[in-house]
Amino acid sequence: MGLLSLAIWTPIIFGVVLLAIGRDDQARSVRWIALIGAVVSFLVTLPLYDGFKLGTSAMQFVEKGSWIARFNVNYHLGVDGISLWFVLLTAFINVVVIIASWEAITTRVNQYMAAFLILSGLMIGVFTALDGLLFYVFFEATLIPMYLIIGIWGGPNKIYAAFKFFLYTLLGSLLMLVALIFLYNKSGGSFDILTWHKLPLGSTIQTLLFFAFFAAFAVKVPMWPVHTWLPDVHVEAPTGGSAVLAAIMLKLGAYGFLRFSMPIAPDASREWAWLMIALSLTAVIYVGLVALVQQDMKKLVAYSSVAHMGFVTLGFFIFNDLGVSGGIVQMIAHGFVSGAMFLCIGVLYDRVHSREISSYGGVVNTMPKFAAFALFFAMANCGLPATAGFVGEWMVILGAVKFNFWIGFASATVLIFGAAYTLWMYKRVYLGPVVNDDVKNLTDINAREFLMLALLAIATLYMGLYPKPFTDVMNTTVSDLLVHVAKSKLN
Amino acid sequence: MIDKLSWIAVYPEIILLVMGCFILLADLWVKSPMRTLTYVLTLITLGVVAVLEAAYAMGGQTFYGFGKMVVVDPMGGWLKCFSAIALMASLVYGRPYAYDRDMLRGGEFFTLSMFALLGMFVMISGHNFLVIYMGLELLTLCSYALVALRRDNATATEAAMKYFVLGALASGFLLYGLSMLYGATGSLDLNEVFNAIASRQVKHQVLVFGLVFIVAGLAFKLGAVPFHMWLPDVYQGAPTAVTLLIGGAPQLAAFAICLRLLVEGLLPLAFDWQQMLAVMAIGSLLVGNLAAIAQTNLKRMLAFSTISQMGFLLLGMLSGVVNGNQLNTESAYSAAMFYAITYVLTTLAAFGVIMLLARAGHESEEISDLAGLNQRSPLYAGVMAVVMLSLAGLPPLVGFYAKLSVLQALISSQQTSYLVLAIFAVLMSLVGAFYYLRIVKVMYFDAPLSPVHPIVAPADARVVLTVNGALILILGILPGGLMTLCAQSISSIVKTLGS
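Keeping their order, the protein sequence lines are chains A and B. Sequence positions in the first sequence follow my numbering and run 62 to 552. Sequence positions in the second sequence follow my numbering and run 74 to 572.
In short, the hints are calculated from the structure, not lab data. All values reported here derive from a predicted model rather than from experimental measurement. The beta-carbon is built from N, C-alpha and C at its ideal position, and this holds for glycine as well. Please note: incorrect hints may appear among the correct ones.
Stated by the list, open to error - One side only, chain A facing chain B, incomplete, derived with CB under 10 Å:
| id | residue |
| --- | --- |
| 1 | A202 |
| 2 | I205 |
| 3 | I220 |
| 4 | F224 |
| 5 | L232 |
| 6 | Y245 |
Generate the whole structure from the sequences, applying the supplied hints.
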């Protein structure tokens, strides 16, 4: 069994075991097994980074075996410079999320932990699948645990949110399924993504495929104007669900653009880049303004996610090295930072049971350690230099300026809006005098919460100070991808 | 003179007939109210028959017996094997339920099921209009009696009446259509009819006239719109154990006669019947999915879900011949066969859960009865969730691959109209996902209704249900084997077309 299979199946097997043996009266041992499972799953991904060869855009750690012979579907896995970090990120966030849910979840703990473990395995599957159908199976299967996580452990309006999440994303991916089957027939009976990359396609077909993929991935990212599900879902989801959703699940969509839309339909991608850029800029500017007026902390961070992801898609569709690499770096950074932001909200919510900004004020007086962490992540969210948030944004802005000064100019406003809504929220929640008894009675974070925030803070800081390991991995793959996209596939 | 080989070909049917009669007699001496002996004997017989059929099917040979009146081929063998297994599962789920409702008295429950299965076998292996019709009548007559088995129950009796009247009408349609074709082609044998039509010597108008009636009769048996009216009422009105008996295994037989009549007999008319199927498929997908949303009764919802699933199956059936070209036949009909088999597998588990949740004096067939099932029994809730997500066509469950093969059959035809049909089907399955997910929601997100009754179910039913649910998942992770099996079965039919 290869390393990638191990990375996918270890958490899933732990999850299934928890489902089978876990009971509510043994919540303690269930939590420990889940944590061990998550840590082991993370550890098995580390050799991937260690053994990854730089300077090639070929797939590495490839595993291939026949899966469904009738349709020539293969169990085909591999990572390149684009996907490698997301495998590690997914496994890492999973550990953090399980630590975060330690005390917050008290009912049906085994199902909760199992859902996260299985979800993490499935998402690694999405990032590593090199077979179109295998990709689709993983991509769709992630909906099921997330639906249950939102619906069982979510807030008061959880059912609406769970359905909205599921049906919205299902609509997009069903259209993608038709596109995948179409490509299968067009390529003479192959679901191999790398074969599809080389397949010559006519202009109309490319456009149709581009929009079928767009339906799936734009909803997942989510891009403006199909982003409306995200705030609703974030508000109702439990803390862990929000963190995974923001940190990893949104990246599935952006990753899809890089793996499917751009290389399979390069001509259409270039032709419709103006649309993608326009939608991305709208997300950056308009959604940034929307975030400014939110009363609910989770909604605010959700809108901030949409704006940041707009930055990612902007970077992709300006087609230069800086933009695409910057987009990927931004995805990883956003994984750490948005995950941390949601966990911070979770820490407050566990204590006060409110997400309204107006219920807080002066938290720094009662929770100094926590406020320090929160300040750090808020700074990272607005892209302060030396944090992870800065690197990606800086690269994308540079790339955008190279592409067109005014687009670069417009995208740079993200720094202003980002700072405005994040810092204003920070001021209202943490600074000033203590406003009510709830805040007065707050206790500072315990060792467990400290650990989970510290893990994310270290990652954020490391990436901000020394982004080389991240960019080195992706350089060759990104430049080869751009060479590929620049060539016409019209026949 | 009938040769010996013919008798060997129908060996399983003979066993079924003899054992059916024997069990009917033996039951006279059975005292146990649960009819344990009858039950065990029935299961053993079905098990033996299933193994025999699987052995025939694995031989891969096509053999005609009784002067080409019956055919034994891999497709028939597998479908018979699966319908015997499906009947076994139905009886295991249904026995405690039937016992609580005083339906086991006299043992007809078992013998009627066995004769119904015999009818299915005859339908599946019939290679002659009359044989197929006889099998169909044997099946439906047993089904009418089974629906009416709870004769004191008003809804069951009403359902039986409705089923009988409409079923008889549909059989009449089918028979009328068959007689038209007989009149036009001068033969009852499928191959001879095929060749007569292919020779283009027969007047097209007469053939299409007969065809309309045949398609109507088949559509009634499948439950496709606009011949679906009986389905919700009968599904809801019949005792759940019987609902499963008529909604499970017989769908395999219904698929088989569709294939025998439309493909083996009338493939040269494909252009005509494909259009009819297309209209019915669109109607079924629309009506089934939209009406299911409004249901509060779980059995009724499953009935409308069946209608929509049959729409999908018809989509597979209709994409076989493209512009007179038969290249796509194998992929299309094997997709439909895969669809039928996996549909039956999921239906079994769905009704299995409904029956195990029911208890004496309480039917547990409202959707709200499932509220909070996850807290009461994670296992049953898990099985039901797997069933619903599979019916919705989500990976990694087997229903996804069924939909995938049908979509692939449609898209590989390279016809824009079929591509549009595929996109329509996909959008309709999005609508379907809503009401399937609602069941998951009720089980997982809602709190249980009080008072909560403990769920008691015999061990055999629990084990079979677990295996059934696990199979939906396992076949979802490794669907290759069953797909290949369907493809091989169909290819051996396609090879012998018109010979």
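Okay, the hints, checked on the actual structure:
{"no.": "1", "hint": "A202", "in the structure": "holds (5 Å)"}
{"no.": "2", "hint": "I205", "in the structure": "holds (6 Å)"}
{"no.": "3", "hint": "I220", "in the structure": "holds (6 Å)"}
{"no.": "4", "hint": "F224", "in the structure": "holds (7 Å)"}
{"no.": "5", "hint": "L232", "in the structure": "holds (5 Å)"}
{"no.": "6", "hint": "Y245", "in the structure": "holds (7 Å)"}
Violated hints are absent here; each numbered hint is respected by the structure.
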